[in-house]
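Q: Here is what each chain is made of, one letter per residue.
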Amino acid sequence: MNGVHDMGGMDGFGKVEVEQTEPPFHEEWEGRVLAMVRAMGYAGAWHIDDSRYAQETLPPQTYLAVSYYQRWELAAEKNLVARGYVTEEELKAGHAIGPAKPLPRARLTRDVVDAGMTRNSFFRQQQGPARFKPGDRVRTVNINPLGHTRLPRYARDKVGRVELIHGCHAYPDSVASGRGDDPQWLYTVVFDGREIWGADADPTLTVSIDAFEPYLQPA
Amino acid sequence: MADRDHDHPHEHGSELSETQLRVRALETILTEKGYIDPAALDAIVETYETKVGPHNGARVVAKAWTDPAFKQALLKDATAAVGTLGHVSPVGDHLVAVENTPQRHNMIVCTLCSCYPWEVLGLPPVWYKSAPYRSRAVKDPRGVLGDFGVKLARETEIRVWDSTAETRFMVVPMRPAGTDGWSEEQLADLVTRDSMIGTGLPLSPSQVAR
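Heads up: the protein sequence lines correspond to chains A and B, in order.
For the first sequence, the tail end lands on 221 under the numbering used here, and the numbers increase by one without skipping.
For the second sequence, the tail end lands on 409 under the numbering used here, and the numbers increase by one without skipping.
Treat the hints with caution; some may be incorrect.
To give a feel for the contact side, a few chain A residues facing chain B, derived at Cβ under 7 Å [to be verified]:
1. M3
2. H7
3. M9
4. G11
5. L60
6. E91
It should be emphasised that the hints constitute simulated quantities derived from the structure, not laboratory data.
For each residue, glycine too, the CB sits at the ideal point set by N, CA and C.
All chains should be modelled from the sequences, with the hints used to inform the complete structure.
A: Quick look at the structure:
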């Protein structure tokens, strides 16, 4: 979807403000939110792209106004309710009311935290040969789906070159719409800055995205 | 409403914020329904507060600076190469290391959310997740570098890597001059978090008191 989360190239947000010696968490609740989201993901309540999509579909005013971990928390509530693990009534009451819904996988317990924190693999069984190889010229598609996509607006309908091939991965556009992994080849595609931003762009700039095969056409 | 019994005595002020209440309510519900184990949550938080951080990535870079075979392996397959170092937590399957050279400077961003190589750099700083960085890095990286006090030669190529999938990138900065004969441990002290994101450069020998 063309949401405010898709920020690449937007103007007006100002200077990057750096905090020296920043702590991992500024508030105790931030760590609890991160840990809850990780634990529920481990138990199979959602896929990482479900979390992303739930954030992207927050009202844009909210997305910009709240902090990073507040976004995580709001997205977690949305996903828990949407998937039937928690009810709105329970969120209002602040305690469990109805029965639990079985989780797809075992819950995360303290003894398996180290294993549970290792990043999932996103490799999937290939469904066919890769259509492109490093060096190929490609044009990204012009799509404006209402659902989740990882093709940023600034990189649509642009000509670039395939640089790396990362194997076959779960396809976020499919996963976040409930259509399963639909594995796709994944490439790093590099663009000249002027292809993206026009003649005034920094001539020394190149920008790459990681693009799933359906985002690409031969050029 | 709030269960005041759970207030931490060290918290300043008597009122919990709306967000604190909301998070506590959520944790209560998930615990009561048996979905989460609060002790596991404690362990996750502790891991991010004490174990995972840029010191992991700094060891990787220092090793690459001193061991050409490791550097070659790292640039070819960072997941496998980092996996050979016992001291770094498992990095999953999708780590890619990119090398700065006199001709080219690399910078990492995630314009769509906040993807970041947690296993080697820890949790991302607030600025990395902020709208100013996410919006400008791909369009005006020299301006962004200016916010960090970094100025590159005008002819240096800048490559910005937008982390739009599950691949995670880390920058291998250039080894500072004047460090001949330094040990890996000494070198690791020069490798800052920002130098592995590409918004900074490693410290020079004169910047570290030894």
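Q: Is the interface hint for M3 (chain A) satisfied, with its Cβ closer than 7 Å to some Cβ of chain B?
A: Check failed: Cβ of M3 (chain A) comes no nearer than 11 Å to chain B, outside 7 Å.
Q: Checking hints one by one. Is E91 (chain A) an interface residue toward chain B, by the C-beta closer than 7 Å rule?
A: violated (10 Å)
Q: Close enough to count: is the Cβ of H7 (chain A) nearer than 7 Å to one in chain B?
A: Holds. Min distance 6 Å.
Q: Going by Cβ atoms only, is L60 (chain A) closer than 7 Å to chain B?
A: violated (12 Å)
Q: Is the interface hint for M9 (chain A) satisfied, with its Cβ closer than 7 Å to some Cβ of chain B?
A: Since chain B brings a Cβ to about 4 Å from M9 (chain A), closer than 7 Å, the hint holds.
Q: Under 7 Å, Cβ to Cβ, is where G11 (chain A) needs to be relative to chain B, so tell me if that hint holds or is violated.
A: Holds, because the Cβ-Cβ distance from G11 (chain A) to chain B comes to roughly 5 Å (cut-off 7 Å).
Consistency note: the structure conflicts with the earlier hints numbered 1, 5 and 6.
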